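S.K.: The lines below spell out each chain.
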Amino acid sequence: MKEENVIEVNQLTKTFGDFTAVNAISFEVKKGEIFGFLGANGAGKTTAMKMLIGISKPSSGTAKVAGFDVYSQTESIKRNIGYMSQKFALYDDLTVKENITFFGGIYGLSRKKIKEKREELVSELGLENISNKLVGSLPLGWKQKLSFSVSLLHEPKIVFLDEPTGGVDPITRRQFWEMIYKAANQGTTIFVTTHYMDEAEYCDKVSIMVEGKIEALDTPKKLKEQFRVDSMNDVFLKLARIPSPTLPKGNGENIDRN
Amino acid sequence: MSISLSNISKSYKKVKAVQDISFDVNPGELFGLIGPDGAGKTTIFRILTTLLIADEGRATIAGFDVVKDYKAIRNSVGYMPGRFSLYQDLTVEENLTFFATIFGTTIEENYDLIEDIYVQIEPFKNRRAGKLSGGMKQKLALSCALIHKPKVLFLDEPTTGVDPVSRKEFWEMLKRLQKKGITILVSTPYMDEAALCDRIALIQGGEILEIDTPDAIVSEFPKTIYNVGADNMYKLIQSLQQYEHVYSVFPFGEFVHYTDKRDSFEMADLQSYLEKEGLADISIETAKPNIEDAFMELAR
Amino acid sequence: MKRFIGFIKKEFYHIFRDRRSLFILFGMPIAQILLFGFAITNEINNVDIAILDHSKDASTEEIINKISASKYFTIKQMIANEAEIEPAFKKGKIKAVLNFEKDFSKNIIKERKATIQIITDATDPNTANSITNYVNSILQNYQQSENKSIQIDYQIIPQTRMVYNTELKSVFMFVPGVMTIILMLVSAMMTSISITREKELGTMEILLVSPLKPFQVIIGKVVPYIFLSVINAIVIVVLSIFIFKMPVQGSLLLLGLESVLFIITSLALGILISTIAETQQAAMMISLMGLMLPVILLSGFIFPISSMPVPLQIISNIIPAKWFIIIIKGIMLKGVGMAFIWKETLILIGMTLFFIGLSVKKYKIRLE
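Residue numbers (UniProt numbering), protein chains in the order written: chain Y, 1 to 258; chain H, 1 to 300; chain W, 1 to 368.
Looking at chain Y on its own, in the form it has when it is part of the complex (with noise of 0.2 angstroms):
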């Protein structure tokens, strides 16, 4: 079943003049499996991911998403993903069913689809009651919760996430987490950044950027053997001493811009 690999990156690069962003990434990820792109501020994360998601294209190096390149195929690319930020998820200003109205119809799904996967999406996160309500009035933890769904909508090969959970309370948190490994059981493969070294602890792969190279790459229990430690954080601690990223690389400047 997990054979299949969804995402394949070779020496991967993008710079921005002389600044080396991202520098020659590889990894693979296998259909249905949760992988975890960890990183400090400022460390690439959000550079690469733009280039996986197709709308940066990278320097140098080659990468394929759910089977596309990301040279000459983001079209198909985005049409194969899903994608959810903290920073977007949906629109406060129309009612649940709007915004699932509105996400569908932009992925192209039939009204009859829509309808269907509508009320699918209410009863699943038990909505019903608040489904003519703005998104704006719902809590922090339902609206990520509902935000996910929508993202799987148009049941695309890959979710991207970004920084999903942040700020939520524990319970809700790990509600999301279930949603997320069932979406994974279901044959969906899960793309996490993050720097909630938590959330690492969940993924059954992990990787860890540190100025633009991945130091580390492996699930989280072998790497916690390699550094003999208790958990992701320490891992992160470990690894991202040498040196300090809060010292900031070269000229201090925040480099994760958007």
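One or more hints might be untrue.
Below, in silico cross-link-like pairs of lysine to aspartate or glutamate (EDC-like), each with a Cα-Cα straight-line distance of 20 angstroms or less [unchecked claim]:
#	chain 1	residue 1	chain 2	residue 2
1	H	K131	W	E200
2	Y	K182	Y	E163
3	H	K288	H	E254
4	W	K213	H	D65
5	Y	K205	H	D281
6	H	K131	H	D89
7	H	K235	Y	E33
8	H	K288	Y	D234
9	Y	K205	H	D231
10	Y	K30	H	E254
11	W	K199	H	D89
12	Y	K182	H	D231
13	Y	K133	Y	E120
14	W	K9	H	E94
15	H	K235	Y	E178
16	H	K131	Y	D18
17	W	K9	H	D89
18	Y	K222	H	E254
19	Y	K221	H	E285
20	Y	K182	H	E277
21	Y	K182	H	E254
22	H	K235	Y	E124
Keep in mind the hints are simulated off the structure, nothing from the lab. Every value quoted in this text rests on a predicted model; they were computed, and no experiment measured them.
Since the structure of chain Y is already known, use the hints to place chains H and W on it.
M.R.: Chains H and W only, in chain Y's frame:
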């Protein structure tokens, strides 16, 4: 200086932000308000820093009332709001100088207090604050909040959105400040930071769930927690939730924290149940509860 | 005091580091004054006209010569018959056609009257009106010179004299208006934006939780903009004197003092806006909709107040800009002194005190 809140309530229009909040922070204590977004942490901070007036209840800082004596409080506390409130278009040094000036002091005068924080960002003192990385902004904001030698420091989610290395360094700084006799009230959504405080208040939905030392809160956890692992996480969670004796199931990284309804838990019974459900590589062992377990139990 | 100076210093950093608003701050007055001065004008210059001369005699020739000699008209085309009039207009270049009747000279002599038809393109009514007036005055001029030799019974010669703006230069009318708009916008919009920016950034929280007193924050915000607005006012006056040769009849000192008064009125309005608006965007919208539009429409800047419907005339009284425009028009164009504008000045002072009082009352020492 001590902080004291008794029966504080505050609503915005119809929404209750905090309800009947009472706690005391002792002089020199490092006290943590731990809770998710929307728990009411920022409202408490704003009431204490005299920015909001509570609908009900009373709060004092070093005996000064936050409503009546707001001027006295404003002169003696340091406050770092939730967002790093710096002037993005001013340089590091200009920001610090500005905050020093409005508090009627100079950088030189109080340099000893901020020294070990400021030296880390001093190499970039001519850089505009807007161009700093998250960790550096956080350090600058802390320096600015400390520049007038406050006796009480209010830090509202200082580590949110900051990478683990910066977070760790930040807590080390707080410990050092505490040693200099500063009372610190800090809020955070990260449960793992709770253990670094002397005492904590767990807060959710505007209400306090529990106030105590982190150790006491954990040791009061009423159940035994079992770390359960198996080859398929999703199936494991599903199966455990359907197990007849289940009390709670929470994924915790690569394991699931499971608690049982019964007083006498039979590991072998669960093992065989899970096997019947078709799971492999099953591991079950007792685990120590942490603050997050306690929080979830209290919030149930 | 040191705190206060530190605060002002910070404000200047903000202003000088934000190149875009700095450009707006100083680019806008210059652009506006030039635009209003050159482009938007009621004067006519070198208007293209066509002539349809059915007589082609000595009188028509002389009139045509006079017309073509004036700087107002350029004779673009001679038309042979009525049928060509329409097409000439439709081509769009011609703004007017002068149609001389047949036997023009003869009729003057024989019947003591002759007719010229003036056909104007009234798609632009102002220009059409002006063209008619200018042609009339050229004809009158011609008539007078002819009549000297001919004795007639009697004649009323209207002698029009425009005072204070003898050349009817519209730039003279616009300068006071533009100055008012600029001062209003720079002062009110910029201050309200700079205060709401601190609210958005969250720095206002820190300022509030500091020993800095609220009035120090406000005055600290206002002082830099008084300074900038005064510079703007000077730029505008200098531009109008040197580029448009606009005379300033009255006392420059009085003009300066009245401008400072109006700047303070606007700043008070800006502070008032910032107590209502929570975001920079809201502050900008309120400033534009709530201040700029009334100033343009109701202050008498473009549309004369006396020809407005009575309710609007009444409303115009509560617009500070109206009074300021009266004051500076008086000083610049009429050269009047305090004796003639004390009433308007008092009204402005009253309004300013009212706005300051209101914003002090509304200013929050807390977040709500």
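S.K.: All hints, please: hold or fail.
M.R.: Consistency of the hints with the structure:
1. The straight-line distance between the Cα atoms of K131(H) and E200(W) is roughly 18 angstroms, inside the 20 angstroms bound, and the hint therefore holds.
2. With a CA separation close to 19 angstroms, the supplied pair K182(Y) and E163(Y) stays within the 20 angstroms bound.
3. Our distance criterion of 20 angstroms between C-alpha atoms is met by K288(H) and E254(H), whose separation comes to about 15 angstroms.
4. For the hint linking K213(W) to D65(H), the alpha-carbon distance of about 19 angstroms falls within 20 angstroms, and the restraint holds.
5. Between K205(Y) and D281(H), the direct Cα distance comes to roughly 18 angstroms. Compliance with the 20 angstroms bound is thereby established for this hinted pair.
6. This hinted pair checks out: K131(H) and D89(H) have alpha carbons roughly 9 angstroms apart, not beyond 20 angstroms.
7. For the given pair, K235(H) sits about 15 angstroms from E33(Y) by alpha-carbon distance, which is consistent with the 20 angstroms threshold.
8. A hinted pair counts as satisfied when its Cα atoms are at most 20 angstroms apart, and K288(H) with D234(Y) qualifies at roughly 18 angstroms.
9. Note on K205(Y) and D231(H): the hinted pairing holds, with a Cα-Cα distance of about 14 angstroms set against a maximum of 20 angstroms.
10. Between the alpha carbons of K30(Y) and E254(H) the distance comes to roughly 18 angstroms, so the proposed pair stays at or under 20 angstroms and holds.
11. Annotation: proposed proximity of K199(W) to D89(H) holds, straight-line Cα distance about 15 angstroms (limit 20 angstroms).
12. At roughly 14 angstroms between alpha-carbon atoms, K182(Y) and D231(H) fall within 20 angstroms of each other, so this suggested pair holds.
13. Distance restraint check for K133(Y) and E120(Y): the Cα-Cα separation of roughly 17 angstroms lies within the 20 angstroms cut-off, and the hinted pair is therefore satisfied.
14. Proposed proximity of K9(W) and E94(H) is supported: the alpha carbons are some 10 angstroms apart, at most 20 angstroms.
15. With a CA separation close to 10 angstroms, the supplied pair K235(H) and E178(Y) stays within the 20 angstroms bound.
16. Restraint check for K131(H) and D18(Y): satisfied, since their Cα atoms lie roughly 18 angstroms apart, inside the 20 angstroms limit.
17. Annotation: proposed proximity of K9(W) to D89(H) holds, straight-line Cα distance about 13 angstroms (limit 20 angstroms).
18. Restraint check for K222(Y) and E254(H): the C-alpha separation of about 12 angstroms stays at or below 20 angstroms, so the hint holds.
19. Taken as a hint, the K221(Y) and E285(H) pair is honoured in the structure, with Cα atoms around 17 angstroms apart against an allowance of 20 angstroms.
20. Our distance criterion of 20 angstroms between C-alpha atoms is met by K182(Y) and E277(H), whose separation comes to about 17 angstroms.
21. Of the supplied pair hints, the one linking K182(Y) and E254(H) holds, its CA atoms being roughly 15 angstroms apart against a limit of 20 angstroms.
22. Annotation: proposed proximity of K235(H) to E124(Y) holds, straight-line Cα distance about 18 angstroms (limit 20 angstroms).
The earlier numbered hints are all upheld by this structure, with none contradicted.
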